[in-house]
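Q: When you number the sequence shown by numbering that gives the first Met the number 0, it's gap-free, plus one each residue, and the end is 195.
In short, the hints are calculated from the structure, not lab data. Don't be surprised by glycine CBs; every beta carbon is placed ideally from N, CA and C. Careful, some of the hints might be misleading.
Below 27 Å or equal to it, Euclidean Cα-Cα: the simulated DSS-like pairs (lysine-lysine) are [claimed, not checked]:
no., residue 1, residue 2
1, Lys-84, Lys-33
2, Lys-33, Lys-19
3, Lys-58, Lys-84
4, Lys-33, Lys-58
5, Lys-19, Lys-84
Here are the in silico distance ranges between beta carbons for each label pair [as the list claims (entries may be wrong)]:
no., residue 1, residue 2, range
6, Ile-12, Ser-61, 15 to 23 Å
7, Ser-61, Gly-135, 17 to 25 Å
8, Arg-127, Thr-106, 34 to 42 Å
9, Gly-67, Asp-182, 43 to 51 Å
10, Glu-99, Gly-67, 35 to 43 Å
11, Leu-132, Ile-66, 28 to 36 Å
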Amino acid sequence: MMTATKNIEKTIISTSYISKLAAHTSTFMAARSKDRTFLPATGAHWWLVSLSNPISVEKFLSHIFSIGFYGDIDVRGNEIELQTKYQAEAAMINAYCSPEAFPITITDLAAEAIYVTNDNHALLCNQRYNGALSYGGERLVHMQFSVTPSSWAMLNVLSQVISIHAIVHFDPNGYMVLKASKDEEQRIIHHLESYL
């Protein structure tokens with residue numbers, strides 16, 4: 000019989016924290032609601048915490064329940080997604096997770112514009128994507144990116160400079176389609192460059 004000789008400590012690989020979910024972010028998260036057991040709420044505190052192993056996940060859950068967290072929780076593998084509307088719970092989670100240690104960092108940012116040729120092209124775009132409708136003649140900017148610790152935090156940041164009606168598609172795996180003029184595209188890229 001083998002005995003455990005090493006105590007596995009809490010090991011947080013990354014923490015993505017949004018202090019107030021923007022309508023943009025909660026809407027696109029809700030569109031992917033099959034990914035979680037709760038509905039993201041505009042204005043809520045939200046986290047995505049990645050831990051190193053299943054034991055760390057269990058220790059994390061045990062700890063947050065012991066300190067009085069009763070918000071929404073979803074566990075997928077070694078990742079835990081949390082949400083609460085209460086500042087006191089948010090303060091407890093942040094004290095434990097230290098989200099400031101994991102700032103938003105964007106790499107591999109690329110953008111290319113494509114004009115929607117006609118109504119048939121627009122119809123195909125609207126069937127493919129799950130956001131704002133596109134129409135013939137509109138300029139769509141396709142953006143690819145890699146974000147750590149979470150692209151949801153990047154979308155929340157973008158909500159400061161773009162309308163939700165400009166987002167044709169958002170994929171948290173690193174792909175977004177926006178309705179944007181050349182000037183708007185440059186403003187968005189300039190805003191994101193501060194995270195490169």
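Q: Now look at each hint and say whether the structure bears it out.
A: Hints versus structure:
no. : hint                          : result
1   : Lys-84 - Lys-33               : 21 Å, holds
2   : Lys-33 - Lys-19               : 22 Å, holds
3   : Lys-58 - Lys-84               : 23 Å, holds
4   : Lys-33 - Lys-58               : 26 Å, holds
5   : Lys-19 - Lys-84               : 9 Å, holds
6   : Ile-12 - Ser-61: 15 to 23 Å   : 18 Å, holds
7   : Ser-61 - Gly-135: 17 to 25 Å  : 56 Å, violated
8   : Arg-127 - Thr-106: 34 to 42 Å : 26 Å, violated
9   : Gly-67 - Asp-182: 43 to 51 Å  : 48 Å, holds
10  : Glu-99 - Gly-67: 35 to 43 Å   : 22 Å, violated
11  : Leu-132 - Ile-66: 28 to 36 Å  : 45 Å, violated
Violation of the numbered hints given earlier is confined to hints 7, 8, 10, 11; the remaining hints are satisfied by the structure.
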